[in-house]
Every structure is written in structure tokens, then in C-alpha cells.
Amino acid sequence: MKTLTEYLWFETEKRREIIHITETIRSIVDKSGVNEGFVLVSAMHNTAAVYINDPDSGLKEDIWEWLEGIAPYKPDYRHSQTDDDNGDAHLKNLIMHNQVLVPITNGELDLGTWQRIFYAEFDGQRRKSVVVKVLGE
Amino acid sequence: MKTLTEYLWFETEKRREIIHITETIRSIVDKSGVNEGFVLVSAMHNTAAVYINDPDSGLKEDIWEWLEGIAPYKPDYRHSQTDDDNGDAHLKNLIMHNQVLVPITNGELDLGTWQRIFYAEFDGQRRKSVVVKVLGE
Amino acid sequence: MKTLTEYLWFETEKRREIIHITETIRSIVDKSGVNEGFVLVSAMHNTAAVYINDPDSGLKEDIWEWLEGIAPYKPDYRHSQTDDDNGDAHLKNLIMHNQVLVPITNGELDLGTWQRIFYAEFDGQRRKSVVVKVLGE
Chain X
0 MKTLTEYLWF ETEKRREIIH ITETIRSIVD KSGVNEGFVL VSAMHNTAAV
50 YINDPDSGLK EDIWEWLEGI APYKPDYRHS QTDDDNGDAH LKNLIMHNQV
100 LVPITNGELD LGTWQRIFYA EFDGQRRKSV VVKVLGE
Chain R
0 MKTLTEYLWF ETEKRREIIH ITETIRSIVD KSGVNEGFVL VSAMHNTAAV
50 YINDPDSGLK EDIWEWLEGI APYKPDYRHS QTDDDNGDAH LKNLIMHNQV
100 LVPITNGELD LGTWQRIFYA EFDGQRRKSV VVKVLGE
Chain C
0 MKTLTEYLWF ETEKRREIIH ITETIRSIVD KSGVNEGFVL VSAMHNTAAV
50 YINDPDSGLK EDIWEWLEGI APYKPDYRHS QTDDDNGDAH LKNLIMHNQV
100 LVPITNGELD LGTWQRIFYA EFDGQRRKSV VVKVLGE
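Same order as they appear, the protein sequences are chains X, R and C.
If you read the first sequence in numbering that gives the first Met the number 0, its first letter stands for residue 0, the second for the next number, and so on.
If you read the second sequence in numbering that gives the first Met the number 0, its first letter stands for residue 0, the second for the next number, and so on.
If you read the third sequence in numbering that gives the first Met the number 0, its first letter stands for residue 0, the second for the next number, and so on.
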């Protein structure tokens, strides 16, 4: 069995941002030498997500508008009373989830044609991390 | 370590459909010879989901109605301007997620009594795939 | 390759409850002797979730209020006609998901500073289980 663990770091300029990370994950899988296995990509924060979807920029705007509709920013979450005003970021994390597991087949990410991996920041402008763990043979 | 990778193919008659795939996954695990491990079942499209829940047909209708309420079909998503009218299917994918990881214990899917695995198609009537990857020993 | 499988059991006093399980998962990983690998924590029911987020008690109330808004309890789900009145619990499960996969690095849960693992019960007051499977080396 081979494993490789790496950490990605992000400090976004805007509070909310979507960052494409497929190529970064691919290069970590290459480095691992794993031909058959899994790579887990998991945000280490409760106010960010890692998800798989389409890279279309219009869709990204649709996702933001939709997320704001079902998990809106507002100052009166109970969480806001003990912390900063990021209650919405925690709920957005729960919808979008903090992780994806990607199969590795013949040394390649086994994704569909239109599937890309993204980091979604819901409360940025500070240093945050993602753990990437490859396991296989 | 043993691994086995197979692909399932779907071409649904209706645009939206839920398909029960537990037995198919079970037979792939049998074929793999893995006694202790994981099987990942992951849609290779951004407009379909793989989920675990109850097989009750009433519940399936509840799920459709509920999904339509929180990620409704409508022609004016920004994604629709550059692609076909499947913006809702991308959002439904984000809620339901494209994958599940099922533990394999003593050569069997380690699921609860009422847990079944489903493929949910949100934009069908075309050929689409799911990757199934078994890893263990 | 090493694997270890254990089952957690819950019988909550209230119908809906959130239970912190990080320390329990950590002790199972310790027992497994796995230094590099994954631990899957997966509810064996369609009416409960396992999720990662912040332990703040105000946030837990926010989560309950928010879940009730987007997947409300009501007696008229179709599922309620053939089963007990837990249609909402199935939808809450679909949003929150029944599982998380946590990386193990140097023998430790590789979580962020504020990340904790929780079991969320949506239809309790009966005996329910979670499977915990460690795989690695």
C-alpha cells in the first residue's frame, strides 16, 4: 500500500470564492505513484466546501445565488452571538459538504468528461487549508 | 490489496428517474473477492446523483417534490445561456451528491436493514455512467 | 493492510438530537493501529446523519432551525402513508448525508482545529447504529 498526504493552502481576496483545483489534485496523484486507489480531498474548515461539478462560469453564479437563497447570510444566527458573523458559511458547508473521494484508475483521476474539483470558500480572507490524501497501490 | 473497477451505464426513458442499484453493486463486490474494504459508487456526471435511502415508492415521490422545491427547474439559470436547460439538474446534484462509500465487511455490503443504493437521474434520455471501485483485501 | 470495524449504538431520549462522537472515533482509530489511512463513519439508517462541523451550541440550534425550514416535519408526506410520520427525517438525511470519511495521518484523525464529528438523530427514541471502518497500514 502507498499513501501520500499533502495540504493545500488558500487565502482568498474575496470573502466568497470558488477555486478550481483539479490540476493540483492530479499532480499530487502523479507524485504519489498510485495506480489504483482513492484520493480524498477534504476541507479542514467548517466554512468551506470541496465539491465536484461543471467549470462553467454562469453555473458558478447560479450556485452562489442558489446557496444564498437556501442558506442566506444574516447577522442574527445564534452562532453569530459567540463568534463572527459566519453562521451562513457553516450552513453552506453542510449543503455542499467538505469533501470528495475520487477514484484513481491506471494512475489517472477517474472523473467524467465534465467533472472538475473545486474549493468553495464561504468565509475567506484568511489562511485556510485542505487535506489531500492518496491511498492505493 | 485488491481493487476492481467497473462502470455502470444508464440511458433513462424519462428525463428524471430513480434506479435501484444495490444488487448490481453487491455483485461487483462479490466478483472483486474483497472481504474487508470499501466500495465507492460515484456518478461520472454533474447532473445525476448516487445516494443511500429507503426503497419506498411514496418516499421517492416525496424526494422529487422536495428537490423540485429547493432546486426548481426553470429556464433562466445563467448556465442555461451557454448550455442546455439543465441548471436545476446541477443544483440537484449538489444537494444529493454524486457518490457514496459503502463499507465491505466479511465480503458483504455493510448497510443497515433499510438502506439501499440508488442512482438518481436529473437530466437523462442520454447515455451516462457511474464508476464503481472496490478496494480492500 | 489493516482494517477494523466497530459499531456504535444510540438510543436518544429526544426524537431529534445531535451527539458529539469525535473522541469515540479517535479511540477506535487508536485501537486499529492504523497510522496512514481512512476511517469511514456511516449511519446505518436513512433517518440520521453523520457530519463534520463546529461544536458551538448556538450553531446546533441554527442547524435545527435551518433543517426544519428546508425539510420540515409535516404529516402529509407520501412516505407517511405507508410508514410512520418520519418523511422529514429522510429528507434531513439527504441534506446532511449519512457519512464522513476522515483521513488518518501519523495515527491521528487529520481534522482541522474546529472540526468535530457528530451523529445527528432525526427520528430517535429507538435503537440505531453507526458503522465505523478503519482501513490503512
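Quick caveat, the hints were computed from the structure, so don't treat them as lab data.
It is possible that some hints are incorrect.
[As the list claims (entries may be wrong)] The calculated DSBU-like cross-link candidates involving lysine-lysine, where the alpha carbons are at most 30 Å apart (straight line), are:
#1 K59(R) x K73(R)
#2 K59(R) x K1(X)
#3 K1(X) x K1(R)
[Unchecked claim] Facing chain C, from chain X, some residues (calculated, C-beta under 7 Å):
#4 K1
#5 T2
#6 T4
#7 L7
#8 T11
#9 I18
#10 I20
#11 H89
[Stated by the list, open to error] Short derived list, chain R residues pointing at chain X, Cβ under 8 Å:
#12 R15
#13 H19
#14 T23
#15 S26
#16 A70
#17 Y76
#18 L93
#19 L134
Note that the Cβ used here is the ideal one computed from N, Cα and C, for glycine as well.
Okay, the hints, checked on the actual structure:
no. : hint            : result
1   : K59(R) x K73(R) : holds, 21 Å
2   : K59(R) x K1(X)  : violated, 41 Å
3   : K1(X) x K1(R)   : holds, 13 Å
4   : K1              : violated, 9 Å
5   : T2              : holds, 4 Å
6   : T4              : holds, 5 Å
7   : L7              : violated, 13 Å
8   : T11             : violated, 16 Å
9   : I18             : violated, 17 Å
10  : I20             : violated, 16 Å
11  : H89             : holds, 6 Å
12  : R15             : violated, 18 Å
13  : H19             : violated, 22 Å
14  : T23             : violated, 17 Å
15  : S26             : violated, 19 Å
16  : A70             : holds, 7 Å
17  : Y76             : holds, 5 Å
18  : L93             : holds, 6 Å
19  : L134            : holds, 6 Å
When each numbered hint is compared with the structure, violations occur for hints 2, 4, 7, 8, 9, 10, 12, 13, 14 and 15.
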